[in-house]
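Undergrad: Sequence:
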Amino acid sequence: MSDPPPTHPPKQPRHRGPSLELQRQINDSIAARSQTTTAYDGHSSPPNTTTPHHTSPPNHAFEPGTAPPGSSYEYLDHPADLLLHSWGNDFPSSLIHLTLAMFGCITSLPRLSVNLSQSERYGRNIVARGHDARSLVYAFLDEWLFNFHDTKFIPRWIEIEEYDAVNFTMESRGEGEVMDVSRHARGVEVKAVTYNAMRVVEGEGRWDIFVVVDI
Numbered sequence: 016m017s018d019p020p021p022t023h024p025p026k027q028p029r030h031r032g033p034s035l036e037l038q039r040q041i042n043d044s045i046a047a048r049s050q051t052t053t054a055y056d057g058h059s060s061p062p063n064t065t066t067p068h069h070t071s072p073p074n075h076a077f078e079p080g081t082a083p084p085g086s087s088y089e090y091l092d093h094p095a096d097l098l099l100h101s102w103g104n105d106f107p108s109s110l111i112h113l114t115l116a117m118f119g120c121i122t123s124l125p126r127l128s129v130n131l132s133q134s135e136r137y138g139r140n141i142v143a144r145g146h147d148a149r150s151l152v153y154a155f156l157d158e159w160l161f162n163f164h165d166t167k168f169i170p171r172w173i174e175i176e177e178y179d180a181v182n183f184t185m186e187s188r189g190e191g192e193v194m195d196v197s198r199h200a201r202g203v204e205v206k207a208v209t210y211n212a213m214r215v216v217e218g219e220g221r222w223d224i225f226v227v228v229d230i
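With positions in the sequence shown counted from 1, the corresponding number in my numbering is that position plus 15.
Bear in mind the hints are in silico, worked out from the structure with no lab data behind them.
Honestly, I wouldn't trust all of these hints.
[Claimed, not checked] Mimicking SDA-like on lysine to any residue, the simulated pairs with C-alpha atoms at most 20 Å apart in a straight line are:
1. Lys-206 - Ala-154
2. Lys-167 - Glu-217
3. Lys-167 - Leu-131
4. Lys-206 - Phe-168
5. Lys-167 - Glu-190
6. Lys-167 - Ala-148
[Unchecked claim] Label pairs and their computed distance ranges (CB to CB):
7. Asp-92 - Asn-140: 32 to 40 Å
8. Pro-125 - His-146: 17 to 25 Å
9. Arg-126 - Lys-206: 16 to 24 Å
10. Arg-126 - Asn-182: 33 to 41 Å
11. Leu-131 - Asp-92: 19 to 27 Å
12. Gly-220 - Ser-197: 39 to 47 Å
13. Val-203 - Asp-165: 14 to 22 Å
14. Glu-217 - Arg-126: 17 to 25 Å
Cβ coordinates follow ideal geometry from the N, Cα and C atoms, glycine included.
The task is simple: from the sequences and hints, build the whole structure.
TA: In structure tokens:
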């Protein structure tokens, strides 16, 4: 008589969303930021405008992974990776701040110079395409991160040149310089952008974006 087939415990369902603690942290951040107002910062061109606008970040020094005062982004605790949170009066400006937050944990942005020749060579025609807001967030961050991995160029500020809110496409440019480890502070290595805990929250005159990056 053959032995009965072995029995296995039922498979546990895989977790497909942020943990309850991480979700609570996201909700708390949205609630806290909703108590404040954010003026349009000029980092992105609003739709239907022809004149580009930008402002430079504060010129004081700070350590990588620490948002300087007045920034429209912050770094939140995460069990393994790094949770970025940005906000702005519109989707493009919030996405720009999110991208600066990503680079701000790689090096100190205010310590960067603007090298015009390097910016012309490496910081132009960064195009991202998605099928909804979340996929456009992913694509935009991924394009800038890929550009960094390929050229070591880090933007000190970013400008949106074209934004199609219907077809979810965005073209941008940046001013900055190629990272030089002999001159620039080294933070963490951002390996990839993830969909883990990604949220795009549209409020009244305000957009919040949360993204976890793999470090």
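Undergrad: Failing hints, ascending?
TA: 2, 6, 8, 11 and 14
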